[in-house]
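Participant: So the chains spell out like this:
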Amino acid sequence: NSKVIQTPRYLVKGQGQKAKMRCIPEKGHPVVFWYQQNKNNEFKFLINFQNQEVLQQIDMTEKRFSAECPSNSPCSLEIQSSEAGDSALYLCASSLYGAGNTLYFGEGSRLIVV
Amino acid sequence: SQLAEENLWALSVHEGESVTVNCSYKTSITALQWYRQKSGEGPAQLILIRSNEREKRNGRLRATLDTSSQSSSLSITATRCEDTAVYFCATHQGGRALIFGTGTTVSVSP
Chain D
31 NSKVIQTPRY LVKGQGQKAK MRCIPEKGHP VVFWYQQNKN NEFKFLINFQ
81 NQEVLQQIDM TEKRFSAECP SNSPCSLEIQ SSEAGDSALY LCASSLYGAG
131 NTLYFGEGSR LIVV
Chain S
569 SQLAEENLWA LSVHEGESVT VNCSYKTSIT ALQWYRQKSG EGPAQLILIR
619 SNEREKRNGR LRATLDTSSQ SSSLSITATR CEDTAVYFCA THQGGRALIF
669 GTGTTVSVSP
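Residue numbers (my numbering), protein chains in the order written: chain D, 31 to 144; chain S, 569 to 678.
Check before you lean on any hint, since a few could be wrong.
Said to hold, decoys possible - Short derived list, chain S residues pointing at chain D, Cβ under 10 Å:
| no. | residue |
| --- | --- |
| 1 | Val581 |
| 2 | Gly584 |
| 3 | Ala612 |
To be verified - Here are the computed lysine-lysine pairs in the DSSO-like style, where the Cα-Cα straight-line distance is at most 30 Å:
| no. | chain 1 | residue 1 | chain 2 | residue 2 |
| --- | --- | --- | --- | --- |
| 4 | D | Lys33 | D | Lys69 |
| 5 | D | Lys74 | D | Lys57 |
| 6 | D | Lys50 | D | Lys74 |
| 7 | D | Lys48 | S | Lys594 |
| 8 | D | Lys43 | S | Lys624 |
| 9 | D | Lys43 | D | Lys74 |
| 10 | S | Lys624 | D | Lys48 |
| 11 | D | Lys48 | D | Lys69 |
| 12 | S | Lys594 | S | Lys624 |
| 13 | D | Lys74 | D | Lys93 |
| 14 | D | Lys48 | D | Lys74 |
| 15 | D | Lys33 | S | Lys624 |
| 16 | D | Lys69 | D | Lys50 |
| 17 | D | Lys69 | S | Lys606 |
| 18 | S | Lys594 | S | Lys606 |
| 19 | S | Lys606 | D | Lys50 |
| 20 | D | Lys48 | S | Lys606 |
| 21 | D | Lys33 | D | Lys50 |
| 22 | D | Lys93 | D | Lys48 |
| 23 | D | Lys69 | D | Lys43 |
| 24 | S | Lys606 | D | Lys57 |
| 25 | S | Lys594 | D | Lys43 |
| 26 | D | Lys93 | D | Lys50 |
| 27 | D | Lys33 | D | Lys57 |
| 28 | D | Lys43 | D | Lys93 |
| 29 | S | Lys624 | D | Lys93 |
| 30 | D | Lys33 | D | Lys43 |
| 31 | D | Lys50 | S | Lys594 |
| 32 | S | Lys594 | D | Lys57 |
| 33 | D | Lys33 | D | Lys74 |
| 34 | S | Lys624 | S | Lys606 |
| 35 | D | Lys69 | D | Lys93 |
| 36 | D | Lys33 | D | Lys48 |
Keep in mind the hints are simulated off the structure, nothing from the lab. Note that CB positions come from ideal geometry on N, CA and C, so glycine has one too.
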């Protein structure tokens, strides 16, 4: 059973709409990752945080995607203007020490853009 | 391009048989991890094998790592229907993100 909690499990948005997903990392894990998994099971790393600070993010994230991990609140990933190509499973993972160690994933938020 | 990739898209076996998933990667690594993702779930780590290790076991699972050929394998013995899943290798190459392969679907039938 996942200890990383992601909400919502599913969201359906029209093109141009905002889509927001939340993630509560496993307790005590300072490092949080967001990945996008497409229908072919391919993973795309989006962004990661250590506590509230961004460690690394890809160019796509810098344009229409925004993410934050405020203290004492869930982490979030938001797509400002959804496009059909954003339809995917968005996975949040947390870790004690970063990518060289075990990542604990949530069950994901599946976004469908119609 | 994929920095880690499994060699076959899909494998099918019957319960009780063994199955091996292979993975190759393209740069030097500090560690390689194997994850399993069942339908409707997020990935779950099975084994983490560091670059100075050649083999690691976890119950019915056995992972090998050959840094000279930049390849790894995950073997599952005495398979069960609940082993049906997509299996990914993932590598950490010094950056901050874990890089996942494209996955191999393993189907175990009764």
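Participant: Take the hints in turn and mark each one as holding or not.
Facilitator: So, going through the hints one by one against the coordinates:
The interface hint given for valine 581(S) is broken, as the beta carbon of that residue sits about 19 Å from the closest beta carbon of chain D, more than 10 Å. Interface hint status for glycine 584(S): violated, as the beta-carbon distance to the closest one in chain D is roughly 26 Å, over 10 Å. With its C-beta approaching chain D no nearer than about 7 Å, alanine 612(S) sits inside the 10 Å limit, and its interface hint holds. With a C-alpha separation of about 24 Å, the suggested pair lysine 33(D) and lysine 69(D) falls inside the 30 Å cut-off, and the hint holds.
Taken as a hint, the lysine 74(D) and lysine 57(D) pair is honoured in the structure, with Cα atoms around 25 Å apart against an allowance of 30 Å. Among the hinted pairs, lysine 50(D) with lysine 74(D) is consistent with the structure: their alpha-carbon atoms are about 18 Å apart, no more than 30 Å. A threshold of 30 Å between alpha carbons decides the hint, and for lysine 48(D) with lysine 594(S) the separation of about 37 Å lies outside it, so the pair is violated. Restraint check: the Cα-Cα separation between lysine 43(D) and lysine 624(S) comes to about 44 Å, which exceeds 30 Å; the hinted pair is violated.
Taking the CA atoms of lysine 43(D) and lysine 74(D), the gap is near 21 Å; set against the 30 Å cutoff, the hint holds. A threshold of 30 Å between alpha carbons decides the hint, and for lysine 624(S) with lysine 48(D) the separation of about 45 Å lies outside it, so the pair is violated. Only pairs whose Cα atoms come within 30 Å are accepted, and lysine 48(D) paired with lysine 69(D) is accepted, the gap being roughly 21 Å. A threshold of 30 Å between alpha carbons decides the hint, and for lysine 594(S) with lysine 624(S) the separation of about 21 Å falls inside it, so the pair holds.
For the hint linking lysine 74(D) to lysine 93(D), the alpha-carbon distance of about 16 Å falls within 30 Å, and the restraint holds. With a C-alpha separation of about 20 Å, the suggested pairing of lysine 48(D) with lysine 74(D) holds against the 30 Å cut-off. Our distance criterion of 30 Å between C-alpha atoms is met by lysine 33(D) and lysine 624(S), whose separation comes to about 25 Å. A threshold of 30 Å between alpha carbons decides the hint, and for lysine 69(D) with lysine 50(D) the separation of about 20 Å falls inside it, so the pair holds.
For the hint pairing lysine 69(D) with lysine 606(S), the CA-to-CA distance comes to about 14 Å; that is within 30 Å, so the pair holds. For the hint pairing lysine 594(S) with lysine 606(S), the CA-to-CA distance comes to about 27 Å; that is within 30 Å, so the pair holds. Restraint check for lysine 606(S) and lysine 50(D): satisfied, since their Cα atoms lie roughly 25 Å apart, inside the 30 Å limit. Restraint check for lysine 48(D) and lysine 606(S): the C-alpha separation of about 29 Å stays at or below 30 Å, so the hint holds.
Between lysine 33(D) and lysine 50(D) the alpha-carbon distance is near 20 Å, which keeps this suggested pair within the 30 Å criterion. Restraint check for lysine 93(D) and lysine 48(D): the C-alpha separation of about 13 Å stays at or below 30 Å, so the hint holds. The hinted pair formed by lysine 69(D) and lysine 43(D) meets the criterion: a straight-line CA distance of about 17 Å does not exceed 30 Å. Taking the CA atoms of lysine 606(S) and lysine 57(D), the gap is near 24 Å; set against the 30 Å cutoff, the hint holds.
Pair hint lysine 594(S) plus lysine 43(D) does not hold up; C-alpha atoms about 38 Å apart against a cutoff of 30 Å. At most 30 Å may separate the alpha-carbon atoms for a hinted pair to count; lysine 93(D) and lysine 50(D) meet this at roughly 15 Å. Distance hint between lysine 33(D) and lysine 57(D) is fulfilled; the C-alpha atoms sit about 8 Å from each other, no more than 30 Å. A hinted pair counts as satisfied when its Cα atoms are at most 30 Å apart, and lysine 43(D) with lysine 93(D) qualifies at roughly 19 Å.
Between lysine 624(S) and lysine 93(D), the direct Cα distance comes to roughly 41 Å. Violation of the 30 Å bound is thereby established for this hinted pair. The straight-line distance between the Cα atoms of lysine 33(D) and lysine 43(D) is roughly 27 Å, inside the 30 Å bound, and the hint therefore holds. As the CA atoms of lysine 50(D) and lysine 594(S) are separated by approximately 35 Å, the hinted pair breaks the 30 Å bound. With a C-alpha separation of about 34 Å, the suggested pair lysine 594(S) and lysine 57(D) falls outside the 30 Å cut-off, and the hint is violated.
Our distance criterion of 30 Å between C-alpha atoms is met by lysine 33(D) and lysine 74(D), whose separation comes to about 22 Å. Only pairs whose Cα atoms come within 30 Å are accepted, and lysine 624(S) paired with lysine 606(S) is accepted, the gap being roughly 22 Å. Only pairs whose Cα atoms come within 30 Å are accepted, and lysine 69(D) paired with lysine 93(D) is accepted, the gap being roughly 23 Å. For the given pair, lysine 33(D) sits about 27 Å from lysine 48(D) by alpha-carbon distance, which is consistent with the 30 Å threshold.
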